[in-house]
Amino acid sequence: MTQSGYATERETTEGRVFTVTGGDWDTITGSIDPLSNEKIVVNMGPQHPSTHGVLRLVLELEGETVTEARCVIGYLHTGIEKNLEYRNWTQGTTFVTRADYLAPLFNEAGYVLGVEKLLGIEDQITERAKTIRVLFMELNRISSHLVWLATAGMEIGAISMMLYGFREREYILDIFEETTGLRMNHAYFRPGGVAQDIPDSAIKKIRDFLVYLPKKLKEYEDLLSGQIIWQQRTQGVAVLDVTGCLALGITGPVLRSAGLAWDMRKTMPYSGYEEYEFDVPTATTGDVWGRYQVRMAEMRESLKIVEQALDRLKPGPIFVADKKIAWPAQLAVGIDGLGNSLEHVAKIMGQSMESLIHHFKLVTEGFRVPPGQVYIGIEHPRGELGVHVVSDGGTHPYRVHMRDPSFVNLQAIPAMAEGALLADVIAGGASLDPVMGGCDR
Amino acid sequence: MSLESTGGVPVNAEPVGADIDAPAQTPASPQKGMFGVKGTGDVSGFGGLARRTPDVVGSPKPYGSYFDEVTDALEEAYPGFADAIEKVVVDRGELTLHIVPEKIAEVAQIMRDDESLRFELCSSVSGVDYLNSDARRLHVVYQLTSMTYRRRVRLEVAVPAGGSVPTVTSVYPTADWQEREAYDMFGVIFTGHPNLTRILMPDDWEGHPQLKDYPLGGVPVEYKGAEIPPPDQRRVYQ
Numbered sequence: 001m002t003q004s005g006y007a008t009e010r011e012t013t014e015g016r017v018f019t020v021t022g023g024d025w026d027t028i029t030g031s032i033d034p035l036s037n038e039k040i041v042v043n044m045g046p047q048h049p050s051t052h053g054v055l056r057l058v059l060e061l062e063g064e065t066v067t068e069a070r071c072v073i074g075y076l077h078t079g080i081e082k083n084l085e086y087r088n089w090t091q092g093t094t095f096v097t098r099a100d101y102l103a104p105l106f107n108e109a110g111y112v113l114g115v116e117k118l119l120g121i122e123d124q125i126t127e128r129a130k131t132i133r134v135l136f137m138e139l140n141r142i143s144s145h146l147v148w149l150a151t152a153g154m155e156i157g158a159i160s161m162m163l164y165g166f167r168e169r170e171y172i173l174d175i176f177e178e179t180t181g182l183r184m185n186h187a188y189f190r191p192g193g194v195a196q197d198i199p200d201s202a203i204k205k206i207r208d209f210l211v212y213l214p215k216k217l218k219e220y221e222d223l224l225s226g227q228i229i230w231q232q233r234t235q236g237v238a239v240l241d242v243t244g245c246l247a248l249g250i251t252g253p254v255l256r257s258a259g260l261a262w263d264m265r266k267t268m269p270y271s272g273y274e275e276y277e278f279d280v281p282t283a284t285t286g287d288v289w290g291r292y293q294v295r296m297a298e299m300r301e302s303l304k305i306v307e308q309a310l311d312r313l314k315p316g317p318i319f320v321a322d323k324k325i326a327w328p329a330q331l332a333v334g335i336d337g338l339g340n341s342l343e344h345v346a347k348i349m350g351q352s353m354e355s356l357i358h359h360f361k362l363v364t365e366g367f368r369v370p371p372g373q374v375y376i377g378i379e380h381p382r383g384e385l386g387v388h389v390v391s392d393g394g395t396h397p398y399r400v401h402m403r404d405p406s407f408v409n410l411q412a413i414p415a416m417a418e419g420a421l422l423a424d425v426i427a428g429g430a431s432l433d434p435v436m437g438g439c440d441r
Numbered sequence: 001m002s003l004e005s006t007g008g009v010p011v012n013a014e015p016v017g018a019d020i021d022a023p024a025q026t027p028a029s030p031q032k033g034m035f036g037v038k039g040t041g042d043v044s045g046f047g048g049l050a051r052r053t054p055d056v057v058g059s060p061k062p063y064g065s066y067f068d069e070v071t072d073a074l075e076e077a078y079p080g081f082a083d084a085i086e087k088v089v090v091d092r093g094e095l096t097l098h099i100v101p102e103k104i105a106e107v108a109q110i111m112r113d114d115e116s117l118r119f120e121l122c123s124s125v126s127g128v129d130y131l132n133s134d135a136r137r138l139h140v141v142y143q144l145t146s147m148t149y150r151r152r153v154r155l156e157v158a159v160p161a162g163g164s165v166p167t168v169t170s171v172y173p174t175a176d177w178q179e180r181e182a183y184d185m186f187g188v189i190f191t192g193h194p195n196l197t198r199i200l201m202p203d204d205w206e207g208h209p210q211l212k213d214y215p216l217g218g219v220p221v222e223y224k225g226a227e228i229p230p231p232d233q234r235r236v237y238q
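Chains V and H are the protein sequences, given in the same order. Under UniProt numbering, the letters of the first sequence match residues 1 to 441, in that order. Under UniProt numbering, the letters of the second sequence match residues 1 to 238, in that order.
The reader is advised that the hints may include incorrect statements.
[Claimed, not checked] Pair ranges (Cβ atoms, derived):
id, chain 1, residue 1, chain 2, residue 2, range
1, V, Val41, H, Val57, 52 to 58 Å
2, V, Thr243, H, Ser65, 41 to 47 Å
3, H, Glu206, V, Gly350, 29 to 35 Å
4, V, Pro317, H, Arg92, 21 to 27 Å
5, H, Glu86, V, Met353, 49 to 55 Å
Derived by calculation from the structure, the hints in this document are not laboratory data. Think of the CB as a built atom: it goes at the ideal place given N, C-alpha and C, for glycine as much as any other residue.
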């Protein structure tokens, strides 16, 4: 006989049956709300293929809905700003170029414009150097947007876009390699000009590229724009309006997709951008779809600028005439990369002791920059790249701070993700186009 | 650490060479700074170069460009102008307003909201360490942008080491991460900040790396149990 405290029993034709009721357990299970107890915390990243590098997202989920999202960054912090205080002004470009590795020439441009403003030599920068800078920045903008298209496509599920985007970017990297000796991390823009003149073979490649890319862009739009999955994953997803963008400091394609045509190449021109003919594409939707359309249109505008820059490219010096600043070497692309030309080495080693001393002093010690501080803002593929340069009058930068657009734009993740679905976090994050090298510096 | 083992390889065996003359056991060198360089931190070989400490002097009126309009508009809209503005500096075509640290949030509010100022965007917040040239060595620099008038202005506050500055996150939410970075790198305390924690360095990091008296690479490198001292404490060949 069982006791009534455990389970009641009764005899049936099939045998003895126990009815188990759990004492007061039903009062406990009844008080549990099945919905709010499905809350789980998911760590997405820092090693996750769809977070654009080492970004970690801590997501609190209720089912598939994100209730709270927080970004954790710093995994790629390499102390670029600290390191460059220990090298001379020219060497600074080799550090800043490594920050946002998808847009190295913009980092260099922001930095050298700052140094040139401190030196007060902005007016002495030659026309050819300025044109080459614009030309290369716009090619770099296209290559950066192509990587965005590639990775964003992959993250949303269009794997073939990944391969196409990187294939086209390689074309641009070949042009960069032909001129600077390196595919990435060029250190090509120097305070006072550019390191090396652009060879004719690279000009030919750029001309070919101007014919090649528009066809490909059309192909990608045919591939993506009409596709129902692409539309549903991007339209109305991760919306951020102009007010939200300004409060959070978001600039670049994300701000323009919300409808504000703020592009510093137009509003606060630098490097002679005011002389080029181009439009600032905008969208009004403020969603991932709008950002996609703005970036596609921007690549076409960049091609227009590249074409104009090629036409404006007239023979002439690529460095300031001031021998106290101009890099003494005549660089040449050798089989092992960029180095001094043989004629220059023969001259300083064989003929002119003064040239050797001058070369040695300028390369090891560097030039002095008058004390003061400047802030330069340029239109980076991801938004405003601000470079705050401080000099104490010495041969090294006293302080350089890079206001990287990836760093500031990532603050929008909670605003875009909270309340949305987990899958939209991926699409929204991708639409910001964060590059952790720039974000963490 | 004991090397006595109950068989097998001890888990935390000392690296080979640790008890002879390997870098790991070299006594710390009396020198400071990287590569044995003292003073300027100049690695060019020209160790005699002295760092100068230039004074920042205020500019006289009129400032030129749009700077007069900005300062006049701020003076009109902000009754505490005289108490809050330490000096106005115009240099290289840029306007810098040095602000009393306690007043920065108020000034930022007016800069954003006043009809004739309209600095809607806080482009950047960052720190600078003026060690030895300013008694209030830590400066926080705010770059404001007016999209309406296409203008820029820089606000600057100065506090002593470990000093505190009111946060501007209530005016410009974008300053959130940037203030955290300035705290992380310089140790400036932003009072009223919703979540003032380290952002780029690990949470348990000691010290603030961008300070001028923080050595470059000043931490030992740990790899598989062996510890390599920081560059300034390694063996020096001289």
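Is 41 to 47 Å right for how far apart the beta carbons of V:Thr243 and H:Ser65 are?
About 30 Å separates the Cβ atoms of V:Thr243 and H:Ser65, which means 41 to 47 Å is violated.
H:Arg92 and V:Pro317 - C-beta distance against the hinted 21 to 27 Å:
holds (24 Å)
Verdict for V:Val41, H:Val57 (Cβ pair) under range 52 to 58 Å
holds (54 Å)
Range hint compliance [Cβ, H:Glu206 to V:Gly350, 29 to 35 Å]:
violated (54 Å)
Is 49 to 55 Å right for how far apart the beta carbons of H:Glu86 and V:Met353 are?
Holds - the Cβ-Cβ distance for H:Glu86 and V:Met353, about 52 Å, lies within 49 to 55 Å.
Hints 2, 3, counting from the list given before, are not met by this structure.
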